[in-house]
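Chain H: place on chain G using the hints.
2 protein chains.
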Amino acid sequence: LASPAYTALIRMARGGLGSEGTTGLISDLVRASLALLEETDRVDLISSVPGKAYFAFQVGNTLSGPIRIDLFDPAIVAQYGAAFVDGTYGNLNQDVLERLLYTMAISYRCEAELRGTGDRKRPATFFEVFIGNLFARSLGVNPTNQIEVLTLQPRAALPTDFIFDPGPGRRSVHMPVKLSTRERVIQAWAHQRVLDGVFGVGRFRGVLVVLSETKLDRATREVIEICLPEQWRVYQLFIAQMFRVYYLDVPVRYAALPGVFPNIQVGQLSLAFTEIDALTAP
Amino acid sequence: LASPAYTALIRMARGGLGSEGTTGLISDLVRASLALLEETDRVDLISSVPGKAYFAFQVGNTLSGPIRIDLFDPAIVAQYGAAFVDGTYGNLNQDVLERLLYTMAISYRCEAELRGTGDRKRPATFFEVFIGNLFARSLGVNPTNQIEVLTLQPRAALPTDFIFDPGPGRRSVHMPVKLSTRERVIQAWAHQRVLDGVFGVGRFRGVLVVLSETKLDRATREVIEICLPEQWRVYQLFIAQMFRVYYLDVPVRYAALPGVFPNIQVGQLSLAFTEIDALTAP
Numbered sequence: 002l003a004s005p006a007y008t009a010l011i012r013m014a015r016g017g018l019g020s021e022g023t024t025g026l027i028s029d030l031v032r033a034s035l036a037l038l039e040e041t042d043r044v045d046l047i048s049s050v051p052g053k054a055y056f057a058f059q060v061g062n063t064l065s066g067p068i069r070i071d072l073f074d075p076a077i078v079a080q081y082g083a084a085f086v087d088g089t090y091g092n093l094n095q096d097v098l099e100r101l102l103y104t105m106a107i108s109y110r111c112e113a114e115l116r117g118t119g120d121r122k123r124p125a126t127f128f129e130v131f132i133g134n135l136f137a138r139s140l141g142v143n144p145t146n147q148i149e150v151l152t153l154q155p156r157a158a159l160p161t162d163f164i165f166d167p168g169p170g171r172r173s174v175h176m177p178v179k180l181s182t183r184e185r186v187i188q189a190w191a192h193q194r195v196l197d198g199v200f201g202v203g204r205f206r207g208v209l210v211v212l213s214e215t216k217l218d219r220a221t222r223e224v225i226e227i228c229l230p231e232q233w234r235v236y237q238l239f240i241a242q243m244f245r246v247y248y249l250d251v252p253v254r255y256a257a258l259p260g261v262f263p264n265i266q267v268g269q270l271s272l273a274f275t276e277i278d279a280l281t282a283p
Numbered sequence: 002l003a004s005p006a007y008t009a010l011i012r013m014a015r016g017g018l019g020s021e022g023t024t025g026l027i028s029d030l031v032r033a034s035l036a037l038l039e040e041t042d043r044v045d046l047i048s049s050v051p052g053k054a055y056f057a058f059q060v061g062n063t064l065s066g067p068i069r070i071d072l073f074d075p076a077i078v079a080q081y082g083a084a085f086v087d088g089t090y091g092n093l094n095q096d097v098l099e100r101l102l103y104t105m106a107i108s109y110r111c112e113a114e115l116r117g118t119g120d121r122k123r124p125a126t127f128f129e130v131f132i133g134n135l136f137a138r139s140l141g142v143n144p145t146n147q148i149e150v151l152t153l154q155p156r157a158a159l160p161t162d163f164i165f166d167p168g169p170g171r172r173s174v175h176m177p178v179k180l181s182t183r184e185r186v187i188q189a190w191a192h193q194r195v196l197d198g199v200f201g202v203g204r205f206r207g208v209l210v211v212l213s214e215t216k217l218d219r220a221t222r223e224v225i226e227i228c229l230p231e232q233w234r235v236y237q238l239f240i241a242q243m244f245r246v247y248y249l250d251v252p253v254r255y256a257a258l259p260g261v262f263p264n265i266q267v268g269q270l271s272l273a274f275t276e277i278d279a280l281t282a283p
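One line per chain: the protein sequences are G and H, in this order.
If you number the first sequence the way this note's numbering does, the last residue is 283 and the count never jumps.
If you number the second sequence the way this note's numbering does, the last residue is 283 and the count never jumps.
Any given hint could turn out to be false.
No copy is singled out in the list; a pair is fine if it fits within one copy or between any two copies.
[As the list claims (entries may be wrong)] DSSO-like cross-link-like pairs, simulated, lysine-lysine; straight-line CA separation at most 27 Å: (1) 179 x 216; (2) 216 x 53; (3) 53 x 179.
Keep in mind the hints are simulated off the structure, nothing from the lab.
Excised from the complex, chain G in its bound form (with noise of 0.2 Å):
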């Protein structure tokens, strides 16, 4: 299936995040991947993680990875993937919303690990392109994907995550977009403290957007999540200061940091879509 609009969609992404022909690829692929996933069998998984409960898709002996039943909802797709489309998604009630980016989000990703190629990177990738693609649209403007750092001499070039640059009077975005974070997590808190120390603290915005953080254990069919909210405090206090942290799949233990000094604002990515002019204001 994925290979030919997989490449045509990168390829596509590349003269353009927000482009229409972006954003009508990511359509394709994401119904295509739920066409699929509609014929394949589901299996329960044993979910460890208090209120929450996981399926997987399965291909002979292959499980995808978890997947969150009350938030995976095709039928949303059927009936307001033409929001996505034509750019209205930010109107969606956020109970809409946030089972139309989640199910959006992770369909091709359970496709390409049951059926795909074994190319982990394709996921991620994937990943990317899909939230580049909504906050380039959101915000008005495409990212970069590196930044030039005048250090007297030589000038470098730091390569980064997405970096939006909304224009006079507003702030840039700093935007690491990951699968999932784990121990990798600090790298965004340490691009932000360069990012602050060459341009100025606040300068640019940080703001991490994550799939999920959950780990399934293929023998025992176990779902946990794995945090590590201690660490993201002292990274908070100690490296920089992280202004949004969006997950499509909020861990439990993520939920509780914000109201919670230092106070680390963790929230549904859908919520993105209804604070977005706050993530550039001066």
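Just chain H, lined up with the frame of chain G:
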């Protein structure tokens, strides 16, 4: 081969990285690995690294990682291995010590790559134990792997790389140990930043120890070095200041960093033992 010997070493190392028992088991494991490698076929590799030549061991269709022809020298281990065991390695001349440490460091890794369980963590763990043992003995203190971070409330334990604390009147050493770094190297600078923020700048000296940055393309048999010197400069300027970076096989492009602003001190690991006092000097 390696499984019971490896397991015994890891158990002993937990009880004391610098202990006589750990030292003896490292020596045994290295000698056993070298004995097997002696009977193993070698193939020359195509080096794209200026001034360096590499070979690999081969078993069936499996190639080991690349090995420096001029630094890998089992005869040196036979002749001077006793200096490793009795703790007088710091008195060897630089050229001998360089080859001794390189040969010991890489021997188990090659053996594990060729005939091991496919567990990629073991060579990394062996390397950490080997480096930790050398510095525990030369600094006269065993390292810890986490540090209590006081953030008002609640306290947090931050997992770190090795922390050597030689006691009153001396600085501590923060030592990340890696087989290679690539993009993940930013973690070393970010952890140093946290320590600077929590304990005051300079209380911990950052000393990064790395085996090499070589990459072997197993299809073409070409060896390259993956280096990011521009990014290192940016990290050193804007995240934290590492005090030393020691390599077993110093990458050509990092060898050019000392003396050029911001003057990152990269050198051969063998140098560490001629300047061991400087690492913890007030």
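Comparing the hints with the structure gives:
no.: 1; hint: 179 x 216; verdict: both (14 Å within a copy, 25 Å between copies)
no.: 2; hint: 216 x 53; verdict: within (13 Å within a copy, 42 Å between copies)
no.: 3; hint: 53 x 179; verdict: within (21 Å within a copy, 37 Å between copies)
Every hint from the earlier list agrees with this structure, and none is contradicted.
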